[in-house]
Structure formats: C-alpha cells, structure tokens
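These are the residues of each chain, in order.
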Amino acid sequence: MRLAGAELLDSREILPGQWLQKYRAPSLVAGARAGQFVHVRTGDYSGLVLRRPFSFNTIDPVAGTLTIHFRTIGRGTEWFTRLRPGDRVDMLGPLGRPFEVDPRSQHVLLVAGGLGIAGVRALADEAIRDGRQVTLLFGGAGARDVYPSSLLPDELEYVVATDDGSVGHHGFVTDLLPEYEAWADQAFACGPLPMLRALASLASTRRRRLGVANLGRKRGGGRPIPAGSAQARRKAFLQVSMEQNMGCAVGACLGCVVMATSGTPQRVCREGPVFASDELNWENGW
Amino acid sequence: VKAKRRVVTSGARTASKRRPTVRRIKPAIRPLVRRAEAASPSADSRNGGPNADAPAHTAATEEAPGAAVDLSVDLGRGLRLENPILVASGTFGYGIEYGDVVEVQRLGAICCKGTTLRPRIGNPTPRVTESPGGMLNSIGLQNPGVDAVIEKYAGTWSGWRVPVIVNVAGESIADYTEVARRLDGVPGVAGIELNISCPNVGAGGIQFAIDREAAGAVTAAVRRVTELPLLVKLSPNVADVRPIARSIADAGADALTAINTLSGIAVATGRSRPLLGNVYGGLSGPAIKPVALRVVYEVCQVVDIPVVAIGGVTELADVLDYLAVGAVAVQVGTAIFADPTLPVRLVDELAAECRGRGLARYDALIGTALPKRASQPSSKGVEYRP
Chain A
1 MRLAGAELLD
11 SREILPGQWL
21 QKYRAPSLVA
31 GARAGQFVHV
41 RTGDYSGLVL
51 RRPFSFNTID
61 PVAGTLTIHF
71 RTIGRGTEWF
81 TRLRPGDRVD
91 MLGPLGRPFE
101 VDPRSQHVLL
111 VAGGLGIAGV
121 RALADEAIRD
131 GRQVTLLFGG
141 AGARDVYPSS
151 LLPDELEYVV
161 ATDDGSVGHH
171 GFVTDLLPEY
181 EAWADQAFAC
191 GPLPMLRALA
201 SLASTRRRRL
211 GVANLGRKRG
221 GGRPIPAGSA
231 QARRKAFLQV
241 SMEQNMGCAV
251 GACLGCVVMA
261 TSGTPQRVCR
271 EGPVFASDEL
281 NWENGW
Chain B
287 VKAKRRVVTS
297 GARTASKRRP
307 TVRRIKPAIR
317 PLVRRAEAAS
327 PSADSRNGGP
337 NADAPAHTAA
347 TEEAPGAAVD
357 LSVDLGRGLR
367 LENPILVASG
377 TFGYGIEYGD
387 VVEVQRLGAI
397 CCKGTTLRPR
407 IGNPTPRVTE
417 SPGGMLNSIG
427 LQNPGVDAVI
437 EKYAGTWSGW
447 RVPVIVNVAG
457 ESIADYTEVA
467 RRLDGVPGVA
477 GIELNISCPN
487 VGAGGIQFAI
497 DREAAGAVTA
507 AVRRVTELPL
517 LVKLSPNVAD
527 VRPIARSIAD
537 AGADALTAIN
547 TLSGIAVATG
557 RSRPLLGNVY
567 GGLSGPAIKP
577 VALRVVYEVC
587 QVVDIPVVAI
597 GGVTELADVL
607 DYLAVGAVAV
617 QVGTAIFADP
627 TLPVRLVDEL
637 AAECRGRGLA
647 RYDALIGTAL
657 PKRASQPSSK
667 GVEYRP
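Chains as they are written, first to last, in this note's numbering: chain A, 1 to 286; chain B, 287 to 672.
Treat the hints as calculated values from the structure; they're not laboratory data. Misleading hints may appear alongside valid ones.
[Stated by the list, open to error] Now the stretches of chain A that chain B is said to cover, found in silico as 3 or more residues with beta-carbon under 8 Å: (1) 178-190; (2) 232-246; (3) 250-257; (4) 262-271.
Yeah, the Cβ is synthetic: ideal placement off N, Cα and C, and Gly gets one too.
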C-alpha cells in the first residue's frame, strides 16, 4: 500500500456515461494484481470527503500505467470526467486481495455484469499472459452497455447477454453459465449482487450436478486451509469481487463489510474485495 | 477509589473565563546534553562561570527557525501527549491498518475503534455514505470484544511511543465498568475514552450522553474501577450540553472529548427506503465543524478539565479555531479517509505556526476566542434574542 500522485494520460467515454481513464503511477502498479483496487482522492476537497475506490481495470507494469473504468453516478465520478491529461490525482493502493488462479486451471471463466467488467478485466490479461484459455461472459441491460470488444484481448472468447436482447443472448448472463461451467476449471465474477448470488448458488451445486472433481490437494489431510487465505481462494471454483460503500479502504472504519458464512463480517477492502464464493453468506448476508 | 479532583482555584466554578488546564510538562527548551554535563560535579566546577551561559546559548539557537516547539499536552492523570493532534476513534482502526503510509509514532495519540465487552458484528450494510461536506456512518460498533482487542493489539501498542486510548462503549453501566476493569493495568493501554452515545438498555434505551444523570453515573462508575486516564465523549444531539459536561467533569473524568457524530439519515436511490442499513447514521466531517466549535466553546466555559475537540478538522486553520475556543487538543477523524497523512502534517504545521509567532509552546493559542464573561448558551436562542 502506497500513497502516490498519478498523472492522467488518457480519458475517454467508451460507452454512454462510462469512462476509461489511464494513469501513470509506477509505484502503485508495481506488484499490483488483478482484483485489487486503488482509492482515489477527488480534488473537490470541500464537498467530497471520501476517496473513490476503483478496480485496476488493466495493469501495465512495464509502462507503469493503470486504467480505471467507471460510470458517472454522482458528483465524485463526474469530477473525474472533468480531468484533463496531465492532471494529477492522489491514489492509495494497491489495496485488497487479488484473484487467485489455481496453477492447474487451464480454462478460466470470467463473468461480468455491467460495470463489473472493471473488476475482472485485468484478470483476463493476467490469465492470457499465463497461457490459459479465457472466456468472458458479459451481461448488460442493452447494446449501449456492452463493453466494446476492441478493448479486450484477441485471445479471449467474448459472449454477451443483454436484458433486452439487442445484442447476443436475450436474458441474464447467468443463463449462459450452464454451457460453460463444465468447461471451466475456475470462474471469477464481478457484478450486481443478484447476479453474484445466482452464480454462487450454481457454484455450490456444481460438483454434485456435474460430478466434477474439486481442484485441491491430491492427498487429503494435512493442515486445513484457513478461511480467507489466498490458498482458500485458489482452491475455490468461484471467486467473486464484491462491491460495498467504502470509507477508508484500509480496514480501519469497518464501513464496507459483507457477511461471511462464519458469522464474522468481512471487510471488502481488506479481506476482499475478492472472496471465495463459499465463504460468503448469500442468504442472510447484508 | 475516590476520584481525584483537580484543584480548582477560588471561584473557578462560577468564573466567567476559563482556560483549560495545560500543564507544563517539560520546559519549553530542553538543553538535555548541557544539563547532563552540568549535573556532573567535575564539569560544574570546571565551567563555573561559562556553564551558566551555556543553556542560554542553547536556548538562543533553539529559538531560531527550525527550533523544536513544545507541543506536549497533559490530558490528566499522567496522560501526556507529545502533541495535541489525535486520531479519532473509528477512523484509524487499531493503529495498524494504514501501515507505512502514516508515521503513526508521530501522532499525539490514537483513539482506537470502539470496544465493547462482548464481540459485536455491527449493523447491516450499507454502513457509510457521503453527504455534502461530510459522511454518515452506522458501523454499529463492530469489534471483536475487549479481550480479543487486548490479546491482539495491546502487545503491539505497548511497544509504541504513541499512546493508545481505548474507546469504550457499552449498553449498561456494568458493561462499561467491566471493560474498564479489564483494560486497567494492561500495558499498551494509555487511557480510556468513553463513548456514551449508546443506548442504556436497562433504562429504556435512552442514550447515556443525552441524560445528565446517566452520563455522570457511568463516568463515576468507570472512575471507581480504573486509575487509567478517563476521557468522556460528548454527544451534540442534546438541547444543552453544558449540564451534561459539568456532570461528567464532576463525576471524575480527566478530560472531555467533543463531539461525537450528529444523528442523521440518507435516502436510498429510488426513494423507497432510507439508505443506511441501520436507518440512522452519524454525520461527521467538515459539515459538522460549526456545531462542534459551538459545543467546545460552550463546554470550555463551564468545565475546568481539558477538552479535546473533534469535528471536521481538515487543515491547520481548523485546529487553531478549536484551540481558540478553548480546546487543548484536537482529534482528526473523517479527513483521514481522504488524506491519511493529514494528522502528522498538522503536527508539523502547528509547530511551524508557533515558531512563526515566536511561541515556544502552543498554549498561548488556547482560549483566545473565549468570552471574558460566560456567554449565553445556544439553547437560549441563537438568532432571535428577546
């Protein structure tokens, strides 16, 4: 975790109301991994007292740059759209825990709902770099919300579902999952809570339905894997990136919690934002 | 143990102007090395004459720009802070969360996350939301319970130079006293800050902080079971804060903290329900600074124990404002979220300010805006006066 100034290099509206911004911040990018995020201070100090969290959308450690992808939903995000190349913002990061891909996973399934693409986009690069096959299932409200394929790597299989049927499958992105869940060794998702909940429910019954062996240690026994550890996530079929209103983003304020099956609230900023789906309480969670 | 009362000068209770106690802990100028030499008899005899000038010479050089300004402050019962910039409870976790980003040891003190007797999972989410110039939070005192806090963090704290004040909350007087008893004597725990803005479950769920009797009772009860320095955090959600402050001071608190958050709500998008999972949240940030200033101003006129101000501190000017209305120290809260290094920077800026004004200590800045005679409380009308 470092606090650094980041220089805006490029800012464009890739979809109506959705922006992609590229910043140079070598010290933050070094060591950053897919699933982690940055907490960015707005310049309007008097009115906006909180930083804004953004997932690393893409990470380029060589150039020392990162991109963030966001929708304008309020004064804070609108402030960011008014920035011009050369402007500097104050970033805190990298924060949170990353996605963990099992080294044996060859087929990686990414599921994104709307702006959730920002949460899993970096993992596509990471997995392709590591020689895995990646399929991205994307769900949006309509054609105007579909993430442009030109911004995705060529190696990736891109499948789209829209609620109004204007592009791709007519229906929810979760409808597409049964076609891919047997193919996938691991799945990684980010998006609205109902989508994640549906995926988690599918994932929890996957082994029984498909008769798929769980990826894990070959020999049973040994020390149990501690809940919340990188190892526990690596072992899980489905990892989800959670979203929650955030205050400090370092684990101090306890504002951004989600309920775990253990009954202890987990901080999205610290124990998350990536969780193994079976670690979260999807029924009575908050 | 009967609470030790601070010596009150004659008529102080009714006196109009009251400067909170800032004890001189250390001499403003500390020519430590010279003193040590002077203490040795041989050096003393050898340098009889010149030795007398030596400290003066040191003093002269230390007055120069870059000299160390004494920012230390005593909050009572030996709770001595190196500087008057604290971090507020709930905004700095247990002091470890910000890692290397913040020079923790340079803070005046850390008020840790509110701690209760038993673990609490806190309120449903959303728990935080931004509002113009501030934020609402309703964390619901999520914490692992006092025993776990001691086990997990006290060891770390005991190795720190910065004092850690444990913020304590409870649902009954017995809760508060039990937590205080368990914290008493634990190495690494420098003091207790009572969050009394909690419902008194046994007494109809009315907050301790809005009831003069209950606030005094809980303070006195905790005072009886611990020798730790005791701060009590005032709530602004009352008609007149002065009798409550007086009652707490009389019950043996060593210092007051003012203020806790203001009660508020936000509405969710769609407008079908309130936004926060708990409906009500506490407003903090620059938006509440005028309220906090008013409370500190009122309280400093009626109590003679130190007052630590909190509410919307985002820059040095805010610190100076609070000092001017009688606070001896300030806590930085919400602003840490946007600017984690702010508290440490404020320490440097306050020292620079003193140096710029030619002050060796900062206490000349305290109470400069307090009235000569006790002013009307805000409860007697703010805009309209008969």
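Cross-check of the supplied hints:
1. 178-190: Not satisfied, violated; 0 residues make the cut.
2. 232-246: holds (count 3)
3. 250-257: holds (count 8)
4. 262-271: Coverage by chain B holds for the region 262-271 of chain A (4 residues, Cβ < 8 Å).
Violated hint for the displayed structure: number 1, the only one.
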